[in-house]
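K.L.:
Chain by chain, the residues:
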Amino acid sequence: MVDLIWLVPGLPLAGFTVLIFAGRRIGEPGAGWLATGVMGGSFLATLGVFIDMAGRSSHDRRAVVTLFEWIPAGDLSVDIGFLVDPLSLTMCLFITGVGALIHLYSVGYMHGDDGFARFFAYLNLFTFAMLMLVLGDSLLLTFLGWEGVGACSYLLISFWFTEPANATAGKKAFVTNRIGDWGFMVAMFATFFTFGSLNYVDVLDASTAGTVAQGTATLIAVMLLVGAVGKSAQFPLYLWLPDAMAGPTPVSALIHAATMVTSGVYLLTRMNPLIADSAGWVPDMVAWLGVGTALFAATIAMAQTDIKKVLAYSTVSQLGYMFLAVGSGAYVAAVFHMVTHAFFKALLFLGSGSVIHGMDGDQDMRHYGGLRRFMPVTTGTFVVGWLAIAGVPPFSGFWSKDEILAFAWNRSPVLWALGLLTAVLTAFYMTRLIALTFAGESRYAEQRTGEEDAEAATRRADHTPHESPRTMTAPLVVLAALAVVAGFVQLPFSSSTRWLEHWLEPSLYANEVHLGTGGATQVLLAAIAVVGGLVGIGVAVAVYVKGRIAREPFEQPIFADAWRIDRSVAAFMGGPGRRGFEATNRFDGQVVDGAVYGVAGLVRRLAGVLRMFHNGMVRTYATGIGLGAVALLAWFLTRSTL
Amino acid sequence: MEVAVFTIGAAIVLSGGLGVLLARNPVHAALFLVQTLFGVAVLFVLLDATFLAAVQVMVYAGAIVILFLFVIMLLGVDRVDDLGIEPIAGQRPMAAVVGVSLAGLLATVLLVAVDGLTGARGGTPLGDAGDNTRRLGEALFTDMVFAVELTAILLTVAVVGAVALARRLSGPLQPLPVVAIAESDDQPTEADDEPAGATGEAS
Amino acid sequence: MVVTTGWYLALGAALFSMGAVGLLVRRNPLVMFMCIELMLNAVNLTFVSLGAELGDLGGQLSVFFVLVVAAAEVVVGLAVIVAIMRRRSGATVDDLSVLGG
Numbered sequence: 000m001v002d003l004i005w006l007v008p009g010l011p012l013a014g015f016t017v018l019i020f021a022g023r024r025i026g027e028p029g030a031g032w033l034a035t036g037v038m039g040g041s042f043l044a045t046l047g048v049f050i051d052m053a054g055r056s057s058h059d060r061r062a063v064v065t066l067f068e069w070i071p072a073g074d075l076s077v078d079i080g081f082l083v084d085p086l087s088l089t090m091c092l093f094i095t096g097v098g099a100l101i102h103l104y105s106v107g108y109m110h111g112d113d114g115f116a117r118f119f120a121y122l123n124l125f126t127f128a129m130l131m132l133v134l135g136d137s138l139l140l141t142f143l144g145w146e147g148v149g150a151c152s153y154l155l156i157s158f159w160f161t162e163p164a165n166a167t168a169g170k171k172a173f174v175t176n177r178i179g180d181w182g183f184m185v186a187m188f189a190t191f192f193t194f195g196s197l198n199y200v201d202v203l204d205a206s207t208a209g210t211v212a213q214g215t216a217t218l219i220a221v222m223l224l225v226g227a228v229g230k231s232a233q234f235p236l237y238l239w240l241p242d243a244m245a246g247p248t249p250v251s252a253l254i255h256a257a258t259m260v261t262s263g264v265y266l267l268t269r270m271n272p273l274i275a276d277s278a279g280w281v282p283d284m285v286a287w288l289g290v291g292t293a294l295f296a297a298t299i300a301m302a303q304t305d306i307k308k309v310l311a312y313s314t315v316s317q318l319g320y321m322f323l324a325v326g327s328g329a330y331v332a333a334v335f336h337m338v339t340h341a342f343f344k345a346l347l348f349l350g351s352g353s354v355i356h357g358m359d360g361d362q363d364m365r366h367y368g369g370l371r372r373f374m375p376v377t378t379g380t381f382v383v384g385w386l387a388i389a390g391v392p393p394f395s396g397f398w399s400k401d402e403i404l405a406f407a408w409n410r411s412p413v414l415w416a417l418g419l420l421t422a423v424l425t426a427f428y429m430t431r432l433i434a435l436t437f438a439g440e441s442r443y444a445e446q447r448t449g450e451e452d453a454e455a456a457t458r459r460a461d462h463t464p465h466e467s468p469r470t471m472t473a474p475l476v477v478l479a480a481l482a483v484v485a486g487f488v489q490l491p492f493s494s495s496t497r498w499l500e501h502w503l504e505p506s507l508y509a510n511e512v513h514l515g516t517g518g519a520t521q522v523l524l525a526a527i528a529v530v531g532g533l534v535g536i537g538v539a540v541a542v543y544v545k546g547r548i549a550r551e552p553f554e555q556p557i558f559a560d561a562w563r564i565d566r567s568v569a570a571f572m573g574g575p576g577r578r579g580f581e582a583t584n585r586f587d588g589q590v591v592d593g594a595v596y597g598v599a600g601l602v603r604r605l606a607g608v609l610r611m612f613h614n615g616m617v618r619t620y621a622t623g624i625g626l627g628a629v630a631l632l633a634w635f636l637t638r639s640t641l
Numbered sequence: 000m001e002v003a004v005f006t007i008g009a010a011i012v013l014s015g016g017l018g019v020l021l022a023r024n025p026v027h028a029a030l031f032l033v034q035t036l037f038g039v040a041v042l043f044v045l046l047d048a049t050f051l052a053a054v055q056v057m058v059y060a061g062a063i064v065i066l067f068l069f070v071i072m073l074l075g076v077d078r079v080d081d082l083g084i085e086p087i088a089g090q091r092p093m094a095a096v097v098g099v100s101l102a103g104l105l106a107t108v109l110l111v112a113v114d115g116l117t118g119a120r121g122g123t124p125l126g127d128a129g130d131n132t133r134r135l136g137e138a139l140f141t142d143m144v145f146a147v148e149l150t151a152i153l154l155t156v157a158v159v160g161a162v163a164l165a166r167r168l169s170g171p172l173q174p175l176p177v178v179a180i181a182e183s184d185d186q187p188t189e190a191d192d193e194p195a196g197a198t199g200e201a202s
Numbered sequence: 000m001v002v003t004t005g006w007y008l009a010l011g012a013a014l015f016s017m018g019a020v021g022l023l024v025r026r027n028p029l030v031m032f033m034c035i036e037l038m039l040n041a042v043n044l045t046f047v048s049l050g051a052e053l054g055d056l057g058g059q060l061s062v063f064f065v066l067v068v069a070a071a072e073v074v075v076g077l078a079v080i081v082a083i084m085r086r087r088s089g090a091t092v093d094d095l096s097v098l099g100g
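Protein chains in written order, with numbering that gives the first Met the number 0: chain A, 0 to 641; chain B, 0 to 202; chain C, 0 to 100.
Pulled out of the complex, with its shape left as it was, chain A reads as follows:
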């Protein structure tokens, strides 16, 4: 069954190929069903491989399936091959599973859109690239997938490209990602230079065997971190993610919640031996970066009015948690949170898409309110997602977030405290979102500030929000169920319940940190976290539902403005940055191009000089022969002994 792993990325690639050529002819909804069916098939294939792998003993759980040799270039030999091990399979499972659900959802969401077939073609292509990223058996294949998902992200964010803002958002995503890609590339060069190979098996085995110098490992690890920061939207390369909400909501759910943004965490987890080999400050840097980003993004989410922006910053924040886990040496916790986050964040995004669909495209939460009456299914599933992300037991978010906080405490109490604060804020802003959207009375028929047309409010009163069709609500239900039970794969009670940890063991090369703290401390930490979450919920309820506390102190303008970072970046790029770029451009044009053209010019001038000798005159040629003969004679004379 493991040999069938090629089906897993192969089916989406086939789907993409068919849709890109014949999609328009297949039309709606055939294209959608085709794409979803392909994803379903891919999921089944993954399931088959998974069952096969699970049946093996722990040592046997790594297989490399090579399709063919791709680049045979001297020392560099890269195959198209797949590394099938617990880590990649885990990722494949939720990529294909959640992906299939989102494809199904999109059939309903994109109904009536002109680019229906194109959308599904891109979604399939994206899935293919993402699967290549996680299944690839070498850094180069991962990079192939990395670039692929970046390109697809650009295509899908700017899907409605006729609106200039959407196109700009796509470009911003691509350019910001590029900075991270540079880090990845440098890491690849360094890896090849050090190990002579880009294959994971070669690199990780050599690294575990301890043959790598600390300095080299540090360089590679830091460069990989740069790449991860770009892809996983950590500070300072997070700027593209909120803007990426310009794309259709299924895109936000799939790419910017469940899959692409987790690539950075995957990369770091995959290369864990190198992180273990690197200097001691590297994991610390990862952890602090993660928790800092998490807190930073949580503060911004508190003051956003666009429902999708709240979820976007929430994603940045949760990714920060995963980085915190990686930095604390808790790779299992990072993957655990990746999985649960995929479920509940996709659920939340799809739910918001359902809300937006019901409100006919309005994304401003100030116009929502009281939607529970009109969209029961959406409300119910959204509540499940809310409880999961807020960390309320026994929902999945609680288990995974707690695991991370326990390891954070193990690393440094300060990290734990910041993580706890972020958890409180998370509970707060998510409750705020629920309250503004579903609870209370509906506000869409109210007069809006700045609205000049006095009749608009009354006109709106006639329109009622409606529940979404079955194709959209069914995935919500499935994801809600998953959000509830997913936590049970890694229960911290005893070794036998830590199923995920045992499963991931072969991929982690024993680099997983062991908790020094005893069981009692863990229970205490968990209890504090739960209390903190409830406090956050309670305060939010008091502010937004009951109205007892004023909302202004929480919705600081600096939070709403995202700490003015976007503006400062724009100012820098437009001002001193631009001069730098233009100077680089000039350098490239004059020095680099100049050297190339200069060589050509030199050859030309030389040719022009030599051309003088070819004047077509017999006597000139005769002179040449004579001089040559004289030179030869002289040379022979000097060489020989007379």
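Keep in mind the hints are simulated off the structure, nothing from the lab.
Glycine included, C-beta positions come from ideal geometry on N, C-alpha and C.
Incorrect hints may appear among the rest.
[What the hints assert, rightly or not] A partial selection of chain C residues facing chain B, derived with a Cβ cut-off under 8 Å:
#1 T3
#2 L14
#3 V68
#4 A71
For this one, chain A is given, so just place chains B and C on it according to the hints.
P.N.:
Same frame as chain A, now just chains B and C:
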């Protein structure tokens, strides 16, 4: 006695050579060439190569120079001042360099050689002057008969080729193209649709 | 004073150099050809004198063949000159610069 003959022979040769070099009229140059050839024949006799001396006079002076004169007459004796001007810049100095260095190098070889002649000896022994023709004939028509036949073919081919090259094609003669040195594009190829492509490439 | 081979060789060298210079300096194609003949004769002289020194008939045999080939060469060369030069009286080799670039 030998020295005297050599000196006289050498003088004839060198003055003839100078004459070829400096004569303005090509007919005079041809006559000076005859003088040189005759001088060389004298030196051949001095070296006991009597047959060759005779052949030299008969073939070279008697046939080849006649050919030269025929062609000069055919093409017309130029009154153009051949030696007065030199259109190619630096040609005269270059020629001087070549000539002087050539002569100098060769002289150096002669003066510096200490081991003398190192060539293989033996082969066909040289007889005296009287026996020369017989020995030459024997060697040519026994050891070298193949080469002699080849020369016969060579001469035949040369004659055929000459006839083919020099025949007139029908139609009026077209003027010779004059190309300035600096131009790089090709000139019309009237001069080059010569007999049967024997004159070489079309430019 | 005995005439040694060196004298002949020196004479041959001088004649050869003269021919070379003449070839480079003169513009009339026929006179250039005559200078070539000078050079050939210098070589012939060298061959014969060295053959006499070494007591080998091979020198004279070589001259024999040089003579034959020179004759053939003159025939063909003059035919070429005739073919090219008869178009215009007073033509010199300098006018044949069509192959210049």
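K.L.:
Determine for every hint whether it applies to the structure shown.
P.N.:
Evaluated hints:
no.: 1; hint: T3; result: violated (10 Å)
no.: 2; hint: L14; result: holds (6 Å)
no.: 3; hint: V68; result: holds (7 Å)
no.: 4; hint: A71; result: holds (4 Å)
Hint violations for this structure: number 1 only, all remaining hints satisfied.
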